[in-house]
Amino acid sequence: MPTARYTFPHKHLLGIEPLSARDITALLDQARAFEEVCERPDIKIVPALRKKLVVNLFFENSTRTRNSFEIAEKRLSAEIINFDADTSSLNKGETLVDTALNLEAMHPDLIVMRHSAPGAHALLARHMKASIVNAGDGAHEHPTQALLDAYTLRKKLGQLQGLRVAIVGDIRNSRVVRSNLWLLTKMGAKVTLVGPPTLVPREMQATWPSVDISYDLDAVLPQQDVVMMLRAQFERGTGAYIPGQGEYSRYYQLNRERMARARKDVVVLHPGPINRGLEITSEVADGPNNLILDQVTNGVPVRMAVLYLLSHPHGEQVP
Amino acid sequence: MPAAPGSCPMDSGQMEAVLRRLAGELMAQLRPGEEVVLLGIRSRGLPLAERLGAMVRQATGGPVPVGALDITLYRDDLTEMVGSPIVRPTEIPFTLKDRTVVLVDDVLFTGRTVRAALDALLDHGRPHRVLLLVLADRGGRELPIQADFAGVTLAVAAGERVAVRVSEIDGEDRVTVEAC
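Protein chains in written order, with our numbering: chain A, 1 to 319; chain B, 1001 to 1180.
Calculated directly from the structure, the hints in this document are not laboratory data.
No incorrect hints appear here.
A few chain B residues that don't get close to chain A, going by computed Cβ distances all over 10 Å:
no. : residue
1   : Ala1004
2   : Gly1024
3   : Gln1029
4   : Glu1034
5   : Glu1050
6   : Arg1057
7   : Gly1061
8   : Thr1110
9   : Leu1118
10  : His1128
11  : Gly1140
12  : Arg1141
13  : Pro1144
14  : Ala1155
15  : Arg1165
16  : Ser1167
From the structure, some residues in chain A lie toward chain B, with a derived Cβ separation under 10 Å:
no. : residue
17  : Tyr6
18  : Ile43
19  : Val46
20  : Ala305
We put the CB at the ideal spot given by N, CA and C, even for glycine.
Please work from the sequences and hints to get the whole structure.
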């Protein structure tokens, strides 16, 4: 039993960086209660966010994150507005603030936003009374992805402390990596970043000193409990850093031959969408070690937990 | 019985005897063929439900499933609360459809927890009927709800609190009346 009464101290979820290990544990524990709601045979809805207005504000394309948030909001009985942001007519800076002020006039309680500019959420948080949930900001953070990854791993492997996790691919351009690095290092996992030198910036060790860097997937694979494959993001510029997709696949693709070097019970994660045949083969992506669809399933209770914990006014506010 | 602050209406041995009596009263109420399940309201209703379940199983030889109900998300004051209270999982790994559900809680006071529990359990299925069993009924109802089985009925003033301690959570079995 907890000795002191714990309440989640944050008003916003701008990233994993501001969270403590205790906050992360509370979020994951809370998601467990919401997983039960999602697994009910009949009524998968609870009245937790009744009378609360949630605005989904997506300035960047997203299918699974947006759907996942919307399902989470519906299962919490929230009122929902989907704000279709026309990316071409909006720039960062003043126009975003103007958008925020217009939204503020509708008195939303929570805003779930995806934006291409790192820090856009922090800007919004300064101008609005609502709680801001970061659903991805540029290459900065994607906190709910890291939380659902952690939830998936904790459910399968028991705990995060001491887990050896290799994150493989386009480390440079990935917000998923940054959120996962904060989360996994705060929770005591041992992370190795793997990819071609041009895609794995050495400077990351200045921020996360406990993290190892390797350019040789075959060498590090046998020691890992978890392999988190990243999407090669050609729309975000991965291509500019590598000679070609063929060479990338030759050294960093997770395929059957490479899997033979890994532990038999290694867990394979991928945040999606998958480039089949590029960073991972279908055989591995659909194989017995993958938890890729579990990640998608777990996204809903994890986001329910985030929305629920942010939905109440806070005594003492921490950003 | 009137209960003054500092009094101890139930100690460990008495709690055991009261639960045995409640289990007996419950069995006497059941009709032939009625399938009974117990739902303990978290926190302290759950260990009480587990103990009662074991007693009824022992006496009848029949299966008596016991589940856990967390009513936090169904509270009528949830939106007014400062800070989100942590929700623990509801665990009902069996059907409630056409079953006789016995809600078990430690103290019956305003009735608001029981109102929330009724909403919560109805989301899990439509039972044949629902009965309410509490260890202590302290009066002070704010909703038209009453217990079908009460271990002890106490007259407690509004400013006082009935504290139930159970060995599974608190290391001892005890009911005391405390000043708030």
